[in-house]
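Protein chains: 2
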Amino acid sequence: MIATLERRNFPVDELRALASSRSAGQTITFRGKPVTVQALGADSFAGVELALFSAGGNISKEYGPIAAKAGALVVDNSSAWRMDADTPLVIPEVNIAAAKDRKRGIIANPNCSTIQMLVALKPLHDAAGIKHIVVSTYQATSGKGHAAVTELLEQSRDVLAGKKADPKVFPIAIAFNAVSDWKAGEQDYSEEEWKMVNETRKILGDPTLAISPTTVRVPVVNAHSESVHVQFTRPMSPEEAKRLLAHAPGVQLHDAAYAPGKHPHALEASGTDAVHVGRIRADIGVPGALNLWIVGDNLRKGAALNAVQIAEAVLAT
Amino acid sequence: MIATLERRNFPVDELRALASSRSAGQTITFRGKPVTVQALGADSFAGVELALFSAGGNISKEYGPIAAKAGALVVDNSSAWRMDADTPLVIPEVNIAAAKDRKRGIIANPNCSTIQMLVALKPLHDAAGIKHIVVSTYQATSGKGHAAVTELLEQSRDVLAGKKADPKVFPIAIAFNAVSDWKAGEQDYSEEEWKMVNETRKILGDPTLAISPTTVRVPVVNAHSESVHVQFTRPMSPEEAKRLLAHAPGVQLHDAAYAPGKHPHALEASGTDAVHVGRIRADIGVPGALNLWIVGDNLRKGAALNAVQIAEAVLAT
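Top line first, the protein sequences correspond to chains A and B.
For the first sequence, this note's numbering assigns the number 15 to the initial residue and increments by one for each residue that follows.
For the second sequence, this note's numbering assigns the number 15 to the initial residue and increments by one for each residue that follows.
Okay, chain A solo, but in the shape it has when bound:
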C-alpha cells in the first residue's frame, strides 16, 4: 500500500503508519524518510483526510467508523464492509459513481479475484449484458499473506530435497498441488467463492446474476489467473470483445493468436498494474458466448492499487 502511494506520487503531506501496539515503535520508510509506526487507537485519526485500512476485518469493523467519524475518507481493504448496504463496493474502472453514496464514510475495496474479473468483463457487460459467468481460479499464495508465500517456497524446497511437505499455514500441502484452502461458506462453497458471487452482483447492480465459481489455489507466488466462460443476452464475437477491451481502462489486451505459452501468465503479470486479458475465444458449444483467460497482480490491482485508485478518484472530485 505504501509502495503504491509512492509509485503513484500520491499527494501525501503526512503519512501516519498505524498498527498494533506490538509493531509500534518500528520504523518504515516513505519517500526515503523514516516513519515511526504508531499504535492504533481511538484518537489516531485526528486530522486524517484519508485512512487506508488493510489490517483484517475485525480492525476495520471497529476502527473504520471511528476514522470516518473523525473526518477521514476510509478505504477498506478487508471484507468487513463489502456487503454492507450503506457502503459502496468500488472498482474505479467499473463503478466509480457508486463511491458518492458512502453513508458511513467508508468505501470497501473488493476481493482480489472479483476485481480482476470485473475490470475485464465490465466493457463486455455494458455492450451485451452478461447473463451467466462460470469462473475457475488459479490463485497465488500471496493472496493468503506473506506466511503463505514463505510456506510455498519452504515446502517446495523440502519436497525437492526428498522431504515431506509440512503444512501449517495451508490445511494441506500446497507445493506441487492444487487446493481450495478458503473457509467454508454456505452450500459447500468456500467463502472466497461466495465473495465472487455476492461482490460481482453488488458491483454490477444485478442481484440475481448467475455466477458459478470454483476457487483454487495453485503453487504460484503472486498474480491470480482465471478461466472465465461468459454468456450474454445477445451474441458477442471475439472480435467485438477485443475491440471493446483494446482501450478499456485498466485492461491490457493480449490479442495474439493462441500458440503454446502465447497468453498472459502469472509470472509476467506479477508486478504490473494492468488486468491482462487473453485467450478470447468464441465458445465451441454455446453460440455467442466467450471464453477468456484473465490474469492480474492480486496484491496490486487486486488490493493496494485499487484502494489507492479509489482514493485518487474520490479526492479528485
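In case anyone wonders, no lab produced these hints; they're calculated from the structure.
Bear in mind the structure is a predicted one, so any value in this text is a computation, not a measurement.
Please note: incorrect hints may appear among the correct ones.
One copy or two, either will do: identical chains are not told apart, so a pair holds if it fits within one copy or between any two.
Simulated pairs of lysine-lysine, BS3-like, Cα-Cα distance not exceeding 25 Å [unchecked claim]: (1) Lys-83 with Lys-177; (2) Lys-197 with Lys-276; (3) Lys-145 with Lys-256; (4) Lys-197 with Lys-256; (5) Lys-158 with Lys-276.
Starting from the known structure of chain A, fit chain B onto it as the hints suggest.
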C-alpha cells in the same frame, strides 16, 4: 504400462518389449525377470495377441495396422486413431460396448483429461442427459512426459536459488506459474482443448454436445485436477449425483462437506487407480446444474491403466 500389467496380474505368457533401434538391447524387468528390448520392425508382431502402443502418434499410425494385421488386438495410447471413424475410442466404465466394432483391429485410448472427466460424468449423463460442460483443467507436468517433470523440478530449484527459470521443454516457465503449453488447434483453442471436445462427443455418442474447455498446466508433478460445471436436460441435485457416484465403477466419491483442504487433490490422487470426485455443489446461478472437482492420476487411469483395462475387458469376452 509394464508396471500396470504387473500390478493387475495381467495373464502374460511372454512380454515382448519393442522400441526404437536406439533402445534395443537395453534390459527392463518384468515380474522380477529381465526382458531385453527389441527393435520395432514389421515382423515384430508374429504370434502377439495384444499390442499396447505408447510411442507417439507416428509409430501408432504406421505400426498399429501392421500389428492388427498380424492378429494382435491393438490398444493405442496415442492420439493417432482416436477420431478415426473405424476405430472405437473406449473408456471401459463408460462405453465398453463400442470396443466390439473395431474394424481395423485397433482400439484407441482417450486423452487423459477426457478419461477422468467422463468416468465421473457418465453416471450423471445416463440419469439426466448432459447438455453443457464447462471445464477448466489443472494439469500435471507428467502429462507432457518425463522431461517435462524434470524441467518443473529443475526450474523450481533454480527459482528457489534466485536463478531465472530456463524453459526448454515448456515454451515459458512452468515453475510457480500456470500456462497453456499445448499446440494450437483451430479457432484459437489448443489441441488439448479440441481433444476434450471431440473425444467427449465421440465417447458419449453426441456429436453436438456443448463443451467449453480451457486446458491449463500447473506446477504439479502428477495427477490432473478439473473444475467442471455441468448442465442437464432436467435438474440434478448434489444428493442425487452423490448417490449415482457412490458406487459408480472407477469412481471414488469424496462427499464430505467442504472445509479448507477437504477435497480430493493431486498429491493424494497420484499413484491411485480411481477417479476422485468431490466438491459436488448445486450451481448458484443455474437451477439444477452442478459444479464438481475431478482429480485423477493421468499416468494411471489417464493412460496405462485405461489401456490395460480395455485389453482385460476385450480379452475376457
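Inset, instruction - Identify every previously stated hint that the structure contradicts and give their numbers, smallest first. - result: Checked against the structure, the only hint that fails is number 1, while the rest are satisfied.
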